[in-house]
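Add chain B to chain A, keeping to what the hints say.
Spelled out, the chains give:
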Amino acid sequence: MKFIYTLIPLCPLFAAIAAGLFGKRLGRVMSHRVTIGGVAMSFLLSLIAFQQVVLSGNTFNESIYTWMVSGGIRFEVGFLVDRLTVLMMLVVTFVSLMVHIYTIGYMHDDDGYQRFFSYISLFTFSMLMLVMSNNFMQLFFGWEAVGTVSYLLIGFWYKRDTAIFANMKAFLVNRVGDFGFILGIAAVVMYTGSLDYEEVFVKAQPLIGQTMSIMGGFEWSVLTVICICLFIGAMGKSAQMPLHVWLPDSMEGPTPISALIHAATMVTAGIFMVARMSPLFELSETALSFILVIGALTAFLMGLIGIVQHDIKRVVAYSTLSQLGYMTVALGASAYSAAIFHLMTHAFFKALLFLAAGSVIIALHHEQDMRKMGGLRKYLPITYWTSLIGSLALIGFPGLSGFFSKDLIIEAVHESTLPGATLAYWAVLAGVFVTAFYSFRMFFLVFHGKSRMDEHTEEHCHEPPNVVTWPLIALAVPSVIIGFMTMGPIVFGQYFEGVIFVDDSHNVIERVREHTTGAMSMLSHVPGSKAFYLAMAGVFFAWFFYLVKPEWPAKIQSKLGFLHRILDKKYGFDEFNQTVFAAGSVGIGAGLWRFGDQGVIDGAVVNGSAQGIGKLAGLARLSQSGYLFHYAFAMIIGLLVMMSIFLFI
Amino acid sequence: MDNLHLATPEIFMLFASCAVLVVDLFLKPGQRHMTYWLTQGSLLITLLLTYGQVGDTAGTAFSGAYTVDGMSAVLKSWILLIAIGGFVYTRDYIKDREIANGEYYVLGLFGVMGMMIMTSSNNLLTIYLGLELLALSLYAMVALYRSNADASEAAMKYFVLGALASGMLLYGMSMVYGSTGSLDLATISQALTTSDAGSTGARFGLTFIIVGLAFKLGAVPFHMWVPDVYDGAPTSVTLYISTAPKIAAFAMIIRLLVDGLEVLSSDWTLMFAILAALSLVVGNLLAIAQQNIKRMLAYSTISHVGFLLLGMVAANPEGYSASMFYAITYAFTTLAAFGVLLVLSRNGEEAVMLDDLSGLFRRNALAATVMMVALISLAGVPPLVGFYAKLSVLKAVISAGYVWLAVIAVIMSVVGAFYYLRAIKMMFFDDPVDSSEVPARMDVNATLAVNGLAVVVLGIFPGWIMAVCVRAFAG
Chain A
1 MKFIYTLIPL CPLFAAIAAG LFGKRLGRVM SHRVTIGGVA MSFLLSLIAF
51 QQVVLSGNTF NESIYTWMVS GGIRFEVGFL VDRLTVLMML VVTFVSLMVH
101 IYTIGYMHDD DGYQRFFSYI SLFTFSMLML VMSNNFMQLF FGWEAVGTVS
151 YLLIGFWYKR DTAIFANMKA FLVNRVGDFG FILGIAAVVM YTGSLDYEEV
201 FVKAQPLIGQ TMSIMGGFEW SVLTVICICL FIGAMGKSAQ MPLHVWLPDS
251 MEGPTPISAL IHAATMVTAG IFMVARMSPL FELSETALSF ILVIGALTAF
301 LMGLIGIVQH DIKRVVAYST LSQLGYMTVA LGASAYSAAI FHLMTHAFFK
351 ALLFLAAGSV IIALHHEQDM RKMGGLRKYL PITYWTSLIG SLALIGFPGL
401 SGFFSKDLII EAVHESTLPG ATLAYWAVLA GVFVTAFYSF RMFFLVFHGK
451 SRMDEHTEEH CHEPPNVVTW PLIALAVPSV IIGFMTMGPI VFGQYFEGVI
501 FVDDSHNVIE RVREHTTGAM SMLSHVPGSK AFYLAMAGVF FAWFFYLVKP
551 EWPAKIQSKL GFLHRILDKK YGFDEFNQTV FAAGSVGIGA GLWRFGDQGV
601 IDGAVVNGSA QGIGKLAGLA RLSQSGYLFH YAFAMIIGLL VMMSIFLFI
Chain B
1 MDNLHLATPE IFMLFASCAV LVVDLFLKPG QRHMTYWLTQ GSLLITLLLT
51 YGQVGDTAGT AFSGAYTVDG MSAVLKSWIL LIAIGGFVYT RDYIKDREIA
101 NGEYYVLGLF GVMGMMIMTS SNNLLTIYLG LELLALSLYA MVALYRSNAD
151 ASEAAMKYFV LGALASGMLL YGMSMVYGST GSLDLATISQ ALTTSDAGST
201 GARFGLTFII VGLAFKLGAV PFHMWVPDVY DGAPTSVTLY ISTAPKIAAF
251 AMIIRLLVDG LEVLSSDWTL MFAILAALSL VVGNLLAIAQ QNIKRMLAYS
301 TISHVGFLLL GMVAANPEGY SASMFYAITY AFTTLAAFGV LLVLSRNGEE
351 AVMLDDLSGL FRRNALAATV MMVALISLAG VPPLVGFYAK LSVLKAVISA
401 GYVWLAVIAV IMSVVGAFYY LRAIKMMFFD DPVDSSEVPA RMDVNATLAV
451 NGLAVVVLGI FPGWIMAVCV RAFAG
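Chain order of the listed sequences is A and B. All residue numbers for the first sequence refer to this note's numbering, where the first residue is 1 and numbers rise by one. All residue numbers for the second sequence refer to this note's numbering, where the first residue is 1 and numbers rise by one.
Treat the hints with caution; some may be incorrect.
Quick list of simulated restraints, FRET-style, between CB atoms [what the hints assert, rightly or not]:
1) A/Ile-64 with B/Ala-474: 16 to 26 Å
2) A/Phe-633 with B/Ala-474: 40 to 50 Å
3) A/Asp-110 with B/Phe-429: 19 to 29 Å
4) A/Glu-458 with B/Met-442: 56 to 66 Å
5) A/Pro-242 with B/Ala-474: 52 to 62 Å
6) B/Asp-56 with A/Gly-27: 47 to 57 Å
7) B/Leu-129 with A/Tyr-65: 35 to 45 Å
8) A/Asp-161 with B/Asn-445: 39 to 49 Å
9) B/Phe-429 with A/Ile-64: 37 to 47 Å
Residues from chain A that keep clear of chain B, each with C-beta distances beyond 12 Å, as calculated [unchecked claim]:
10) Asp-111
11) Gln-210
12) Ala-582
Result set (SDA-like, lysine to any residue): computed pairs, CA atoms no more than 20 Å apart in a straight line [to be verified]:
13) B/Lys-395 with A/Gly-72
14) A/Lys-372 with A/Asp-311
15) B/Lys-395 with A/Met-68
16) B/Lys-395 with A/Glu-76
17) A/Lys-615 with B/Ile-411
18) A/Lys-372 with A/Gly-449
19) B/Lys-95 with B/Asn-148
20) A/Lys-450 with A/Trp-543
21) B/Lys-395 with A/Trp-67
22) A/Lys-615 with B/Val-415
23) A/Lys-615 with B/Gln-291
24) B/Lys-395 with A/Thr-66
25) B/Lys-395 with A/Ser-70
26) A/Lys-378 with A/His-456
27) B/Lys-425 with B/Asp-356
28) A/Lys-2 with B/Phe-461
29) A/Lys-24 with B/Thr-369
30) A/Lys-2 with A/Asn-61
31) B/Lys-395 with A/Phe-75
32) A/Lys-615 with B/Ile-288
33) A/Lys-555 with A/Phe-541
34) A/Lys-24 with B/Leu-366
Hints are computed from structural coordinates only; laboratory data are not their basis. Built from N, CA and C at the ideal position, the CB exists for glycine as well.
Isolated chain A, as found in the complex:
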């Protein structure tokens, strides 16, 4: 099995190398064949892994290679393949495969065709390394590697200024998160002396109650510091407030990337990581409360922004932020299995929504403004129906996959007794209405109503080729059924036993289980569920405002100009960052540059030492005179010095 597990990440890596280095020689068709082949291979092998781990119950935890041993700490490459890993592997490889195929159509006319395939395969490799890791070093490697690829892909169209701005922003914001993350890992190493998950989890138990002092007098629980630092990393990668600002801008990248990286897989790395570290997080209620509140704020506030966006991709992006908030809330409430369950269902329906948005964009020749769409239903039937499925799944329409996972999170938070749980409960509940409203606002604006396209676009508007529509259909299927099928075992069954640890004092899933036993009983609760009525209300208002009375939103906007401005400015996070952090650091930098760098460092230290070394080198060079007798003389002197050293010392 070791061989198969090693092969799973390596297949996409080799494909990425082939397409990246030899792309020109391979040509377009061979390049996409190679990369799709690599990812398909990974997917098939992941199925074998599923069979091994889930059906035969053989969890794998071994190191493959020891890179080095330093100071008693082993730096290793190793795989931990258990039920959580297998689930992530299947999601990652399946969505990635769909996106690979879809890309053939989407990037058809792009010059960077091979480069794009190379990047997304490289991403698949990095993500698999991340989820399959059994130690913190490899986790960090995967973490940074997916970040790098994401950076490369956001700036894929590197000639656009907006794309360069966006990838710079993503890079900088993720630096903040990663800094917290590596501090967390450093703290783990410092207090447990190991990088290996299993060992760390065992050695974390005695740390309960131990404190450390940071900045003088304040005593902090070690575990809380570790968990919060690690979670700051997750905030960066999974775009939680206030580190969420990069994700909407990342939509500058090509749409397949938005689907694969910025919706389905990479942004869920933070969620996955917290779930993987559940034995640590369970030991710190402070950290859990922190997570709960951050998640709740993100879930509600980011959904609101989605209402005022006009760019089709940005609506889906804010929706992603909001849904990531839901997952984070679930983590904070210790409902890890619910978070992972929502992660999985979300991966399918959000990838579907993005790819559908991409299909619309292709059909309209790269027009993304919803104000210039409308009435597309008759031109794009497949996109229409799959979008409908995706939107219904997203708002949690009973029976579709999103319904089970989202309602479960709401139920779980309702049961939580941690500080902040009440706020979180109301936030996620209100979020249901918001979600339904913006989703169907987008849906109606794009597919229904009168066409607002110009004539030329309308003439050429038709359903994109099969490579685009098939992945839509392939993703629509799990968006409908995966929730109903897998909820029983994953959440209420024994699926995560021995993988995810929940302390008995906040085992909310256990409490939910008292009144809900599975998918069927969840469906039977629908008539009494607040969430259901809120979702329906959201759809209704969207229908009313954007189809029945399309002139009303503009009127409301002018009446409530103040509110609209707040949302339109996205609560001012971007302005704040740009004026305070960006301009501020540029200002400090300029100041330091003028006084510190030019004056002290350049003047005295660098140029001074460089000149000094240059002069020294010039002097020493004189000794190399080229005369044989000088050389022989130097040797004899050397001999004499060495003799005298040991004779006199």
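The following block gives chain B in isolation, referenced to the frame of chain A:
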């Protein structure tokens, strides 16, 4: 004559070298490629014979004058491998310049044999025999390019200084013999342990031996020949001198000082510490001032010798294995760098000045990439193999308590990074002086690619070599 089979590789090598010499006499000028292939064939077969000894084979032959152990088979395999790669790179160079063909290969083969004997010797005389076999071959190889005045001058200097150093080494050996009464390293070691360990005679001898060793390695202040010879010799010979002989010199240090004179380690660690510090400082500083790339690499060699000696300063198995790793990886990284220089030195032109590297990426992307990998590795940037080599040596020297040496080494690495990066910048960002493409033969390209890849892959998986190095000194 017991256990003669242990020396099979050397014995085969001797016959093969003589055969090549004789066959070459009867070849017409148009058939010279036969000599090349025979040479490579002999090296390859010797490599296979030697590789067969890696692992369990151990023992002595020729009444204890010759030994095979964990270290010797590994080092000899690397020496042979590097020699094979070196001949691939040099083939066209010497053909273009009509540097007496047959003799070049035969001398090269005898030199390799000398290195193998050095690596496997267990007796002062055998060591000296191997050393001189190598040294005489090298003097002749430097002088082979008779039409070139620089080469003749370099050969003269090398020969005179080499003779001086050999004389000192031999004098030191005679003093050790005088105070212990034996030429056999094991017996010497025993005699020093049991009798008067601090015998002045032996320590005097040690100093002379170290001077001899330092000369062969090119450690400061016995380094003066290195830049002149590297610069004056034909590039093919510079490649030969700067790669495999470093491994052999490392083996000689281990044989003499660890197998024979380990009792005196408190004396020789101090001397090595001084030599290492001086080499690091002088090598790196002077490399900056060079415009000639061969001289730059010469000074870079001197600084790397400093690093190699750091591991010896630790004077424990951890240090020895770190130095062994350093010697091996240094040799094949330098091989790649000189291989690229040889590719550039085509059609009678010599790539000697740094400017000749300008814009290389546009002229030959593979060569530029391999050169970049080699230089970055020499500078010690992770994840290339040079990083791990430096790291393990530094770890050894710090755990042995020589923090000041480690500090010098690290500071000097930073200084050193400057001249490596300058060369890389020129290759990738400067406009070429001569923008014609630089073609290379298929086999040279393949060797370059494998060589460059080895620098990368072994940096990511250093354990493959490190495990062997650790095993060589375990127990």
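Checked hints:
1. A/Ile-64 with B/Ala-474: 16 to 26 Å: Taking Cβ atoms as reference, A/Ile-64 and B/Ala-474 lie about 24 Å apart, which means the hint holds.
2. A/Phe-633 with B/Ala-474: 40 to 50 Å: 44 Å, holds
3. A/Asp-110 with B/Phe-429: 19 to 29 Å: At 28 Å between Cβs, range holds.
4. A/Glu-458 with B/Met-442: 56 to 66 Å: The hinted range 56 to 66 Å holds for A/Glu-458 and B/Met-442, with Cβ atoms some 58 Å apart.
5. A/Pro-242 with B/Ala-474: 52 to 62 Å: The hint (52 to 62 Å, Cβ to Cβ) holds, given that A/Pro-242 and B/Ala-474 are roughly 55 Å apart.
6. B/Asp-56 with A/Gly-27: 47 to 57 Å: For B/Asp-56 and A/Gly-27 the Cβ distance comes to about 51 Å; the hint holds.
7. B/Leu-129 with A/Tyr-65: 35 to 45 Å: Hint holds: Cβ distance 42 Å, inside 35 to 45 Å.
8. A/Asp-161 with B/Asn-445: 39 to 49 Å: The hint (39 to 49 Å, Cβ to Cβ) holds, given that A/Asp-161 and B/Asn-445 are roughly 41 Å apart.
9. B/Phe-429 with A/Ile-64: 37 to 47 Å: 38 Å, holds
10. Asp-111: 20 Å, holds
11. Gln-210: The claim stands: A/Gln-210 keeps its Cβ more than 12 Å from every Cβ of chain B (closest is about 30 Å).
12. Ala-582: Correct as stated: the minimum Cβ-Cβ distance to chain B is 29 Å, above 12 Å.
13. B/Lys-395 with A/Gly-72: Roughly 13 Å between the alpha carbons, so the hint for B/Lys-395 and A/Gly-72 holds.
14. A/Lys-372 with A/Asp-311: Distance ~10 Å between A/Lys-372 and A/Asp-311 Cα, so the pair holds.
15. B/Lys-395 with A/Met-68: 12 Å, holds
16. B/Lys-395 with A/Glu-76: Judged against 20 Å, a Cα distance of about 19 Å means the pair holds.
17. A/Lys-615 with B/Ile-411: Holds: A/Lys-615 and B/Ile-411 sit about 18 Å apart, inside 20 Å.
18. A/Lys-372 with A/Gly-449: 12 Å, holds
19. B/Lys-95 with B/Asn-148: 15 Å, holds
20. A/Lys-450 with A/Trp-543: 14 Å, holds
21. B/Lys-395 with A/Trp-67: Between B/Lys-395 and A/Trp-67 the Cα gap is close to 15 Å, so the pair holds against 20 Å.
22. A/Lys-615 with B/Val-415: Holds, at about 14 Å.
23. A/Lys-615 with B/Gln-291: 15 Å, holds
24. B/Lys-395 with A/Thr-66: 17 Å, holds
25. B/Lys-395 with A/Ser-70: Holds: B/Lys-395 and A/Ser-70 sit about 9 Å apart, inside 20 Å.
26. A/Lys-378 with A/His-456: 17 Å, holds
27. B/Lys-425 with B/Asp-356: 13 Å, holds
28. A/Lys-2 with B/Phe-461: 18 Å, holds
29. A/Lys-24 with B/Thr-369: 18 Å, holds
30. A/Lys-2 with A/Asn-61: At roughly 10 Å apart (the allowed maximum being 20 Å), A/Asn-61 and A/Lys-2 satisfy the hint.
31. B/Lys-395 with A/Phe-75: Between B/Lys-395 and A/Phe-75 the Cα gap is close to 16 Å, so the pair holds against 20 Å.
32. A/Lys-615 with B/Ile-288: The given pair, whose Cα atoms are some 11 Å apart, holds under the 20 Å limit.
33. A/Lys-555 with A/Phe-541: Satisfied, since the Cα-Cα distance of roughly 15 Å is no more than 20 Å.
34. A/Lys-24 with B/Leu-366: 16 Å, holds
In summary, the structure agrees with every hint in the numbered list given earlier.
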